[in-house]
Amino acid sequence: GQNIDQPTEMTATEGAIVQINCTYQTSGFNGLFWYQQHAGEAPTFLSYNVLDGLEEKGRFSSFLSRSKGYSYLLLKELQMKDSASYLCAVRPSGGSYIPTFGRGTSLIVHP
Amino acid sequence: DTGVSQNPRHKITKRGQNVTFRCDPISEHNRLYWYRQTLGQGPEFLTYFQNEAQLEKSRLLSDRFSAERPKGSFSTLEIQRTEQGDSAMYLCASSLTSSDSPLHFGNGTRLTVT
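In the order they appear, the protein sequences are chains A and B.
Residue numbering for the first sequence follows the numbering used here, beginning at 1 and increasing consecutively.
Residue numbering for the second sequence follows the numbering used here, beginning at 1001 and increasing consecutively.
No lab work stands behind these hints: they were computed from the structure.
In this text, a Cβ means the ideal position worked out from N, Cα and C, and glycines have one as well.
There may be inaccurate statements among the hints.
[As the list claims (entries may be wrong)] Across the chosen pairs, the derived CB separations fall in these ranges:
{"id": "1", "chain 1": "B", "residue 1": "1040", "chain 2": "A", "residue 2": "25", "range": "17 to 23 angstroms"}
{"id": "2", "chain 1": "A", "residue 1": "9", "chain 2": "B", "residue 2": "1073", "range": "26 to 32 angstroms"}
{"id": "3", "chain 1": "A", "residue 1": "19", "chain 2": "B", "residue 2": "1054", "range": "25 to 31 angstroms"}
{"id": "4", "chain 1": "A", "residue 1": "9", "chain 2": "B", "residue 2": "1052", "range": "37 to 43 angstroms"}
{"id": "5", "chain 1": "B", "residue 1": "1016", "chain 2": "A", "residue 2": "11", "range": "40 to 46 angstroms"}
{"id": "6", "chain 1": "A", "residue 1": "38", "chain 2": "B", "residue 2": "1101", "range": "35 to 41 angstroms"}
{"id": "7", "chain 1": "A", "residue 1": "77", "chain 2": "B", "residue 2": "1073", "range": "40 to 46 angstroms"}
{"id": "8", "chain 1": "A", "residue 1": "53", "chain 2": "B", "residue 2": "1016", "range": "30 to 36 angstroms"}
{"id": "9", "chain 1": "A", "residue 1": "21", "chain 2": "B", "residue 2": "1087", "range": "40 to 46 angstroms"}
{"id": "10", "chain 1": "B", "residue 1": "1009", "chain 2": "A", "residue 2": "108", "range": "36 to 42 angstroms"}
{"id": "11", "chain 1": "A", "residue 1": "80", "chain 2": "B", "residue 2": "1016", "range": "27 to 33 angstroms"}
{"id": "12", "chain 1": "A", "residue 1": "53", "chain 2": "B", "residue 2": "1018", "range": "47 to 53 angstroms"}
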């Protein structure tokens, strides 16, 4: 099975940088997703990390350490529209590759 | 790419009634997933199809729930004898087969059981 932990809520100021952490325990690991979900909307794909290290996509970066069971999502130059829930999801190795999601971190960006 | 489409967007039903939801995945995606999400929680896996074959179901999935994907294209999720605890957002997602293919989600069907 899989156990995924991420903070329930975070707040940050417009223009700042925020780091959302995710730790996981799993019996088999293929990769880790980050999704963004605005209230009442579908989760939208942000990143997928398979190898250790940092991957950057514009204002968003995602980091993975497989040995530590740890990932973070880094959001730079925060904008009000970044207020959303950020979901960490682990994809297992082998079999069906069905991702298991964490409960999500609700990010509130204030002026 | 028209994205994943789900309907209805909202469904209000009385306890004990049956409901059916539909999902149209991205056309070239052969994998289709159903998840359920409640307020303040992440999506919880229900079941998944590869083409028309239902390959996995969550142990949490009651026998009141059934899903089909008859021609490997659209899928339906039926809940029989609904209970108040079934109230949730039902999300459908699709993906390609490769292990690094992300899931693309629809906007979901919000079910309220009164």
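Tested hints:
no., hint, result
1, 1040(B) - 25(A): 17 to 23 angstroms, "22 angstroms, holds"
2, 9(A) - 1073(B): 26 to 32 angstroms, "39 angstroms, violated"
3, 19(A) - 1054(B): 25 to 31 angstroms, "39 angstroms, violated"
4, 9(A) - 1052(B): 37 to 43 angstroms, "41 angstroms, holds"
5, 1016(B) - 11(A): 40 to 46 angstroms, "43 angstroms, holds"
6, 38(A) - 1101(B): 35 to 41 angstroms, "23 angstroms, violated"
7, 77(A) - 1073(B): 40 to 46 angstroms, "41 angstroms, holds"
8, 53(A) - 1016(B): 30 to 36 angstroms, "53 angstroms, violated"
9, 21(A) - 1087(B): 40 to 46 angstroms, "31 angstroms, violated"
10, 1009(B) - 108(A): 36 to 42 angstroms, "26 angstroms, violated"
11, 80(A) - 1016(B): 27 to 33 angstroms, "44 angstroms, violated"
12, 53(A) - 1018(B): 47 to 53 angstroms, "49 angstroms, holds"
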